[in-house]
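Input sequences plus hints: build the corresponding full structure.
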Amino acid sequence: MSDGLHPAVVSAQPSQRDEKNPDAPLFEGEYQDRLEKILSRYPFKRAALLPVLNMAQQVRGWISPDTIKRVAEILELSPAYVRSVASFYTMFQLRPAGKYLIQVCTGIGCDLCGAEDVVEGLLKATGTRIGETSADGKYTVVEVECLAGCGFPTMVQINDRMYENVKAEDVEGLLKELD
Amino acid sequence: MITGTRTISLEIDGRPVTVPEGTTLYDAARQLDVEIPVLCHDPRMRPVGVCRMCVVDVGERVLAAACVRKAADGMSVITRSDKIERCRKTLTELLLSDYPEGSAREQKSADDLLLQLARDYGIEGRAPSLPRGNGRPQDDSSPVIAVDHSACILCDRCIRGCDEIQHNDVIGRTGKGYGSRISFDLDNPMGESTCVACGECAAVCPTGALTVKPITVPIEADRPLETVDSVCPYCGVGCAITYHVDREKNAVARAEGRDSPASESRLCVKGRFGFDYAKHPQRLTTPLIRRDDYYPKGPLSSDVKGERRKKPGGLVDYDEVMPAFREATWEEALDLAASRLKAIRDEFGPSTLAGFGSAKCSNEEAYLFQKLVRAVFGTNNIDHCTRLCHASSVAALLETIGSGAVTNVFSDVRNADVAIVTGSNTTENHPVAATFIKDAASKGTTLIVIDSRETGIARHAHHFLQIEPGSDVALYNAMMHVMIEEDLIKHDYIARYTEGFEELKGLVARYTPEVAAKICGVSADKIAEVARIFGKANAAIIYWGMGISQHTHGTDNARCLISLALLSGNIGRPGTGLHPLRGQNNVQGASDAGLIPMVYPDYQNVASEEARQKFEEAWGVPLDPNPGLTVVEIIGGALDGSIKGMYMMGENPFLSDPNVNKVRKALASLEFLCVQDIFLTETAEFADVILPATSFFEKTGTYTNSDRRVQVGQVTLEAPGEARLDWEIVCEIATRMGYPMSYDSASAIFEEFTSLAPSYSGLDYDNLKPTGKLWPCPDPETSDGVQLLFGDGFPTSSGRGKFVPVDYQPAAELPDDEYPFVLNTGRMLEHWHTGTMTRRAKALHAIEPEAVCQMNPQDLQAMGLEPGTLVTLTTRRGTITLKVRSAPSVARGNVFMPFHFREASANILTNDVLDPHGKIPEYKFCAVKVEKA
Ligand code: SF4
Ligand code: SF4
Ligand code: FES
Ligand code: FES
Numbered sequence: 001m002s003d004g005l006h007p008a009v010v011s012a013q014p015s016q017r018d019e020k021n022p023d024a025p026l027f028e029g030e031y032q033d034r035l036e037k038i039l040s041r042y043p044f045k046r047a048a049l050l051p052v053l054n055m056a057q058q059v060r061g062w063i064s065p066d067t068i069k070r071v072a073e074i075l076e077l078s079p080a081y082v083r084s085v086a087s088f089y090t091m092f093q094l095r096p097a098g099k100y101l102i103q104v105c106t107g108i109g110c111d112l113c114g115a116e117d118v119v120e121g122l123l124k125a126t127g128t129r130i131g132e133t134s135a136d137g138k139y140t141v142v143e144v145e146c147l148a149g150c151g152f153p154t155m156v157q158i159n160d161r162m163y164e165n166v167k168a169e170d171v172e173g174l175l176k177e178l179d
Numbered sequence: 001m002i003t004g005t006r007t008i009s010l011e012i013d014g015r016p017v018t019v020p021e022g023t024t025l026y027d028a029a030r031q032l033d034v035e036i037p038v039l040c041h042d043p044r045m046r047p048v049g050v051c052r053m054c055v056v057d058v059g060e061r062v063l064a065a066a067c068v069r070k071a072a073d074g075m076s077v078i079t080r081s082d083k084i085e086r087c088r089k090t091l092t093e094l095l096l097s098d099y100p101e102g103s104a105r106e107q108k109s110a111d112d113l114l115l116q117l118a119r120d121y122g123i124e125g126r127a128p129s130l131p132r133g134n135g136r137p138q139d140d141s142s143p144v145i146a147v148d149h150s151a152c153i154l155c156d157r158c159i160r161g162c163d164e165i166q167h168n169d170v171i172g173r174t175g176k177g178y179g180s181r182i183s184f185d186l187d188n189p190m191g192e193s194t195c196v197a198c199g200e201c202a203a204v205c206p207t208g209a210l211t212v213k214p215i216t217v218p219i220e221a222d223r224p225l226e227t228v229d230s231v232c233p234y235c236g237v238g239c240a241i242t243y244h245v246d247r248e249k250n251a252v253a254r255a256e257g258r259d260s261p262a263s264e265s266r267l268c269v270k271g272r273f274g275f276d277y278a279k280h281p282q283r284l285t286t287p288l289i290r291r292d293d294y295y296p297k298g299p300l301s302s303d304v305k306g307e308r309r310k311k312p313g314g315l316v317d318y319d320e321v322m323p324a325f326r327e328a329t330w331e332e333a334l335d336l337a338a339s340r341l342k343a344i345r346d347e348f349g350p351s352t353l354a355g356f357g358s359a360k361c362s363n364e365e366a367y368l369f370q371k372l373v374r375a376v377f378g379t380n381n382i383d384h385c386t387r388l389c390h391a392s393s394v395a396a397l398l399e400t401i402g403s404g405a406v407t408n409v410f411s412d413v414r415n416a417d418v419a420i421v422t423g424s425n426t427t428e429n430h431p432v433a434a435t436f437i438k439d440a441a442s443k444g445t446t447l448i449v450i451d452s453r454e455t456g457i458a459r460h461a462h463h464f465l466q467i468e469p470g471s472d473v474a475l476y477n478a479m480m481h482v483m484i485e486e487d488l489i490k491h492d493y494i495a496r497y498t499e500g501f502e503e504l505k506g507l508v509a510r511y512t513p514e515v516a517a518k519i520c521g522v523s524a525d526k527i528a529e530v531a532r533i534f535g536k537a538n539a540a541i542i543y544w545g546m547g548i549s550q551h552t553h554g555t556d557n558a559r560c561l562i563s564l565a566l567l568s569g570n571i572g573r574p575g576t577g578l579h580p581l582r583g584q585n586n587v588q589g590a591s592d593a594g595l596i597p598m599v600y601p602d603y604q605n606v607a608s609e610e611a612r613q614k615f616e617e618a619w620g621v622p623l624d625p626n627p628g629l630t631v632v633e634i635i636g637g638a639l640d641g642s643i644k645g646m647y648m649m650g651e652n653p654f655l656s657d658p659n660v661n662k663v664r665k666a667l668a669s670l671e672f673l674c675v676q677d678i679f680l681t682e683t684a685e686f687a688d689v690i691l692p693a694t695s696f697f698e699k700t701g702t703y704t705n706s707d708r709r710v711q712v713g714q715v716t717l718e719a720p721g722e723a724r725l726d727w728e729i730v731c732e733i734a735t736r737m738g739y740p741m742s743y744d745s746a747s748a749i750f751e752e753f754t755s756l757a758p759s760y761s762g763l764d765y766d767n768l769k770p771t772g773k774l775w776p777c778p779d780p781e782t783s784d785g786v787q788l789l790f791g792d793g794f795p796t797s798s799g800r801g802k803f804v805p806v807d808y809q810p811a812a813e814l815p816d817d818e819y820p821f822v823l824n825t826g827r828m829l830e831h832w833h834t835g836t837m838t839r840r841a842k843a844l845h846a847i848e849p850e851a852v853c854q855m856n857p858q859d860l861q862a863m864g865l866e867p868g869t870l871v872t873l874t875t876r877r878g879t880i881t882l883k884v885r886s887a888p889s890v891a892r893g894n895v896f897m898p899f900h901f902r903e904a905s906a907n908i909l910t911n912d913v914l915d916p917h918g919k920i921p922e923y924k925f926c927a928v929k930v931e932k933a
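Chains A and B, in that order, give the protein sequences.
Letter 100 of the first sequence, counting from 1, is numbered 100 in full-length UniProt numbering, and no numbers are missing.
Letter 538 of the second sequence, counting from 1, is numbered 538 in full-length UniProt numbering, and no numbers are missing.
FYI, nobody ran anything at the bench for these hints, they're computed from the structure.
A couple of the hints might just be wrong.
Stated by the list, open to error - Here are the computed distance ranges between Cβ atoms for each label pair: (1) B:Asp-73 <-> A:Phe-44: 31 to 37 Å; (2) B:Asp-817 <-> A:Gln-58: 46 to 52 Å; (3) A:Pro-65 <-> B:Asp-807: 44 to 50 Å.
Everything numeric in this text was worked out from a predicted model, so none of it was measured.
C-beta: ideal position from N, C-alpha, C; glycine also.
Have a look at this one:
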């Protein structure tokens, strides 16, 4: 890791995504309790949509069509509505991603400071196109809007860990560090 | 939403105006006839204020959106100024910057709202400095709606149209920022989503993003289209429609919802896209006479013979049937029909003749046809398909409250605290009535749905009771048990307006929720819970459909529902009532007009001396004092030879009547059969003479919807070939049989009918336009007719409503080891009855092209059947083969199948046992065996 590249969130390793079972039961056992706790915090079910989606993504790794239908059923919303909300937030993955989900900010701040080069570098290094998962199932690179670290462009988030001041030349080291 | 009764005074463009509190500036301005341009707003929908086209100056730092901004006391509003116009113009320019070159809406109907605004603001072309094109895709997957995402301005109108007007909840938005677009369900192509093709989204879309596709003739703005205000030819909702007609091609190009109290501009897929059947090449255009070498008579096509069909598809193969007939002149055909009917009458007596009318005919046609049978044939053997749908409901209603019609309109559900929908697949069979129910349920009406299938409407229910098929009586008795036990009944109402309460109380005492729970398969607690909810309601309304009526205990089912309403005083007030949802567009009217063997027009009893004298005087001939035979009895009569000659106007009993194998023999053994129809139906294969009639689109007539609303259907198209008006044909036959009949027009017939039918008195073609009137209508010049019936007593001999307590009885044919499943028959959204019309409507056929039945996925799995495989269904009466679909809505142990399909006719399977009172067959229940084909 070159100088000036600081992990913004200090954690030993980015959480690995492949532990998630995309077919895991959604609202059973401890998750049933968590669901009820979430619901109890809101005056009506619709208000619980974001935290419930978040929990579902934690369980299954991404928001699959089946997840959307289940969430819609539980919150008495239409699947179209749930998907609308889920699709608005970059935080929600509507497609299965690789072990490392690499989100590069291409918001105005980062973009002015070379975000596109970072993206290009990452795509080249992982041999993928935007949103695709690499053949080995390891990497998925996506562009996102503003990771709220505009002072440290380019911002990159890998799973739940943030990296500041990433430059195109940092890409190789960054990927190596993941393994 | 307008809430308080307080009023607000403000000034708009210097003019004072007073409005109720909660009124928006847009609505307040409309009150002064001040037009404010809108884009995302439509007065039929909740305003959302997302486009800002409607901005006005209220003297604040920024402009306010008039469509959402509420009027406030003392406000001074400017709707037009340089600043405002500049804003609107810039907004239009921006929206236009990436708008596609050819807007589909502009090309089809020249009413693209965005382009209209551009013209208003003098914007020519696009601002050159702005980027071009947004790269959003087209979606051509729906057979009826074209989606051009690139023309979408994200006004949300379609989303609200789908969610809030139709409550189909299909459309959402996907993504954010510049990439956002509308999406269907989980961003599926529209044609693969749960979209039911009602077309509301295309109707409310202001741009070229969502437009209706042409069905048979092109929709092009530069082809002049004529508009005709009429109604829908399909169901009993009776939606008002404006047809846009291509005169040159003599065809409807598109249909548009028209504002009326019955439908509020909404339509379903059939009304909006199913109009082209009238132009189908298989229309009959000349009279036909059976060739000598096709006697003795028998079925002609492979489907009707019960053999494997030679060509695929769901329509009759004319090559198989036409050789049996030769073309004839009208003279010859009419002479033959009249002389044969006359000969049978004179030789064997009037009671050997019978007529089937149809609930698809207008009031005028129905009236005239029953007059022909009664006054000319000389018999009361006249019936029609209502016998097969609501005869039991009507029998129960007549017996208990003295009138067979609904006591309130369906849209009044909006005033109900509680609504029960039972035995009605409302979203498919009465789609637009369902929109009112779904809407009420989303706004505070507690919706209780009781059905053996988890129908579309059940998904909107607060309480859904999936009962065992045929267990209705037990459930309702138990509900009444709880209500009486817990004193949730209206004592004063019962004392003042009803009779027979003690008997009812005695009988339902035995039906504890526990007893009913065992029969219905629903928990005792749940039964008690819904009984309490119903009992405590201030206003409750009850809807029912064929799931109640088409049983051997159909009359009993309806009696229970009536008792529920009487017990709780839920009749005659806003938000209350009994509403059996009528199937065909003119079920109500055909019955009103007298296509019933026991009654003359307006339910005047044939057995009553007084009524008979009235009609003998009016028609100038002696009439038969004996009530006639009903549909299934007439078919039975044909089989045993007691009925020898028949005249059918627009009825297709071969597919619609139970037990096809029996019907086939019966029709073949008729000495003479005259069929008057628009296509060569299954029934017509047995005809001696076939008379080509006019379709709904080619004639003027009145139709009475489920609400009792009498509406005028207008001539829209020219009739093909030599096809003639139905009423003219009836007049010709009558005249040739020695009873001269002639009228100038349909309205003249209507006049004669209303003079004999007190409920219709005062109505005429002038006062019925444009949106019809509810009968009775004592003051047609000033009122819409009487919406609420029986607020103060009933038209029974005692003036009271009668409780008729009934015991639960199982269906006639229960499942056993050999036939382990329960077969339930019904309809599907896209098709209509025997499919004669809808299977010839291109769009409807494209959506549902083939015969299917539905089973629970677990049953399929247990039997090792993949969805989509062919299965045979066998009952004690016959066997059919068709595809099976997996449907979680169908409970385990059940099979559901629509009866629209000639190649797999449900009525080969159904049981022709009858309800003893309504004489309605048990379509909803028989035992069936399922095997892999
Ligand atoms: S056609 Fe009807 S159901 Fe389909 S998306 Fe449009 S409004 Fe919704
Ligand atoms: S709801 Fe009935 S009347 Fe209305 S458009 Fe559909 S079929 Fe026609
Ligand atoms: S623009 Fe990249 S973090 Fe805000
Ligand atoms: S019309 Fe008012 S904001 Fe769109």
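Each hint tested on the structure:
1. Taking 31 to 37 Å as the suggested C-beta distance range, the pair Asp-73 (chain B) and Phe-44 (chain A) conforms, at roughly 32 Å.
2. Against the hinted window of 46 to 52 Å, the Cβ-Cβ separation of Asp-817 (chain B) and Gln-58 (chain A) comes to about 51 Å, which satisfies the hint.
3. Between Pro-65 (chain A) and Asp-807 (chain B) the Cβ separation comes to about 49 Å, which falls inside the hinted range of 44 to 50 Å.
Against the hints set out earlier in the document, no violation occurs for any number.
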